[in-house]
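Those sequence lines, one after another, are chains A and S.
Be aware that the first sequence starts at 1, since it is given in our numbering, and climbs by one per residue.
Be aware that the second sequence starts at 1, since it is given in our numbering, and climbs by one per residue.
Simulated from the structure, these hints should not be mistaken for laboratory data.
Misleading hints may appear alongside valid ones.
[Stated by the list, open to error] Computed list of lysine-lysine pairs in DSSO-like fashion (alpha-carbon distance at most 27 Å, straight line):
| hint | chain 1 | residue 1 | chain 2 | residue 2 |
| --- | --- | --- | --- | --- |
| 1 | S | Lys58 | S | Lys68 |
| 2 | A | Lys31 | S | Lys58 |
| 3 | S | Lys49 | S | Lys68 |
| 4 | A | Lys18 | A | Lys31 |
| 5 | A | Lys57 | A | Lys18 |
| 6 | A | Lys31 | S | Lys112 |
[To be verified] FRET-style restraints, in silico, Cβ to Cβ:
| hint | chain 1 | residue 1 | chain 2 | residue 2 | range |
| --- | --- | --- | --- | --- | --- |
| 7 | A | Ser84 | S | Thr77 | 33 to 41 Å |
| 8 | S | Asn61 | A | Pro83 | 36 to 44 Å |
| 9 | A | Arg70 | S | Glu15 | 41 to 49 Å |
| 10 | A | Thr111 | S | Tyr39 | 40 to 48 Å |
| 11 | S | Lys112 | A | Lys18 | 16 to 24 Å |
| 12 | A | Pro8 | S | Ser14 | 19 to 27 Å |
| 13 | A | Phe96 | S | Leu7 | 41 to 49 Å |
| 14 | S | Pro79 | A | Ser54 | 38 to 46 Å |
| 15 | S | His82 | A | Leu60 | 40 to 48 Å |
A virtual CB, placed ideally from N, CA and C, is assigned to each residue, including glycine.
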Amino acid sequence: EADIYQTPRYLVIGTGKKITLECSQTMGHDKMYWYQQDPGMELHLIHYSYGVNSTEKGDLSSESTVSRIRTEHFPLTLESARPSHTSQYLCASSDFLEEQYFGPGTRLTVT
Amino acid sequence: AQSVTQLGSHVSVSEGALVLLRCNYSSSVPPYLFWYVQYPNQGLQLLLKYTTGATLVKGINGFEAEFKKSETSFHLTKPSAHMSDAAEYFCAVSDIQGGKLIFGQGTELSVKP
Numbered sequence: 001e002a003d004i005y006q007t008p009r010y011l012v013i014g015t016g017k018k019i020t021l022e023c024s025q026t027m028g029h030d031k032m033y034w035y036q037q038d039p040g041m042e043l044h045l046i047h048y049s050y051g052v053n054s055t056e057k058g059d060l061s062s063e064s065t066v067s068r069i070r071t072e073h074f075p076l077t078l079e080s081a082r083p084s085h086t087s088q089y090l091c092a093s094s095d096f097l098e099e100q101y102f103g104p105g106t107r108l109t110v111t
Numbered sequence: 001a002q003s004v005t006q007l008g009s010h011v012s013v014s015e016g017a018l019v020l021l022r023c024n025y026s027s028s029v030p031p032y033l034f035w036y037v038q039y040p041n042q043g044l045q046l047l048l049k050y051t052t053g054a055t056l057v058k059g060i061n062g063f064e065a066e067f068k069k070s071e072t073s074f075h076l077t078k079p080s081a082h083m084s085d086a087a088e089y090f091c092a093v094s095d096i097q098g099g100k101l102i103f104g105q106g107t108e109l110s111v112k113p
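Only chain S is shown next, with the shape it has when bound in the complex (with noise of 0.2 Å):
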């Protein structure tokens, strides 16, 4: 069966600093992963996705994530967080067998100023 773990419920950095969050997956076919974010009280607006081609993916608002299949890992990075960035973060996975995605349990950046 496929999953997603996001590691770190809850990661703060400093404004203007590296944002990493991770997520490993297991999938026993090449799979599509998305991030997603969510803003307090909104739904789930799509940040990047990985379908086919090539492994690093640039997002909306200066994210990317890399596509390691060696490491079955799709973690998020942004190079200067800023104080919009704060919010709940979920990784997921599509289901080989069509349709559904599996979210990971979400992961929640807090930015320092």
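Pulled out of the complex, with its shape left as it was, chain A reads as follows (with noise of 0.2 Å):
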């Protein structure tokens, strides 16, 4: 079983507020990614890392920020959180097969 953790599971913010979305991996990866995804729709990527200090954007311009200072560690920063951003955030990790494990996700509520 992978070992991908992200926390919060669920978290509701007012609007304006900064967040950071945990994620770790313990399987000693060197590509990590962050997924958004609507309720019952496809997955968009929106940032991804392939080892540490190297960030990059994804296929879907997003406001939020990533760092990879650590191998095991990706969070996602969201300055100032808009209703916009109400969506869930999935965060997965991948070994040299390309394979992905997904971490169970954050729904994000931004009122």
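Dock chain to chain to rebuild the complex, using the hints, since each chain is given by itself in its own frame.
Set out below in structure tokens:
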């Protein structure tokens, strides 16, 4: 079973607040990803990293930022949350065969 | 550019019936192909994957998929549906530049008693 964790699982927060979504993996994977997914919809890649100090923007433009200071940790930050940021955020990491292991997700609601 | 198309955003079957979820891909190089399942309010879980070798791949929960290069397809099947199979299913192909997966739009499977 994959060891990738996301906290919090659910977050309700007011407009304008700064938030950080945490993602950690214990598998030693170099590659990590953040996806945004609206309920019942497809996944959109918003950020990815191929290793420490490496971050790239994904296919969907996002106002969020990420950092990769440690291999196991890939947090996502929103400096000023807005209702349009309401969504589910999924973190994943992958091995050399590109199989991605997903965390349980964070469901964010911005009021 | 690579892409994945899942035919049918919603499939409904009766319990015990055959499950067939369709996936077609485009790729200029031999692809790695994946099927993932997502239950409500959860992340994605790998069902099965094709990298090289045998084209019929068996996965968890009785699912299998066959890689057909001539048809650029990787359809997911299960001989007998169970109520617990109701979920969202995603097909994905690996990006030729390495690392990223390109996901299809997803197919919601409903299982009727």
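Hint by hint, here is what the structure shows:
{"no.": "1", "hint": "S:Lys58 x S:Lys68", "verdict": "15 Å, holds"}
{"no.": "2", "hint": "A:Lys31 x S:Lys58", "verdict": "26 Å, holds"}
{"no.": "3", "hint": "S:Lys49 x S:Lys68", "verdict": "14 Å, holds"}
{"no.": "4", "hint": "A:Lys18 x A:Lys31", "verdict": "26 Å, holds"}
{"no.": "5", "hint": "A:Lys57 x A:Lys18", "verdict": "20 Å, holds"}
{"no.": "6", "hint": "A:Lys31 x S:Lys112", "verdict": "39 Å, violated"}
{"no.": "7", "hint": "A:Ser84 x S:Thr77: 33 to 41 Å", "verdict": "39 Å, holds"}
{"no.": "8", "hint": "S:Asn61 x A:Pro83: 36 to 44 Å", "verdict": "37 Å, holds"}
{"no.": "9", "hint": "A:Arg70 x S:Glu15: 41 to 49 Å", "verdict": "47 Å, holds"}
{"no.": "10", "hint": "A:Thr111 x S:Tyr39: 40 to 48 Å", "verdict": "27 Å, violated"}
{"no.": "11", "hint": "S:Lys112 x A:Lys18: 16 to 24 Å", "verdict": "46 Å, violated"}
{"no.": "12", "hint": "A:Pro8 x S:Ser14: 19 to 27 Å", "verdict": "39 Å, violated"}
{"no.": "13", "hint": "A:Phe96 x S:Leu7: 41 to 49 Å", "verdict": "31 Å, violated"}
{"no.": "14", "hint": "S:Pro79 x A:Ser54: 38 to 46 Å", "verdict": "44 Å, holds"}
{"no.": "15", "hint": "S:His82 x A:Leu60: 40 to 48 Å", "verdict": "34 Å, violated"}
Hints 6, 10, 11, 12, 13 and 15 from the list above are not met by this structure, while the remaining hints are.
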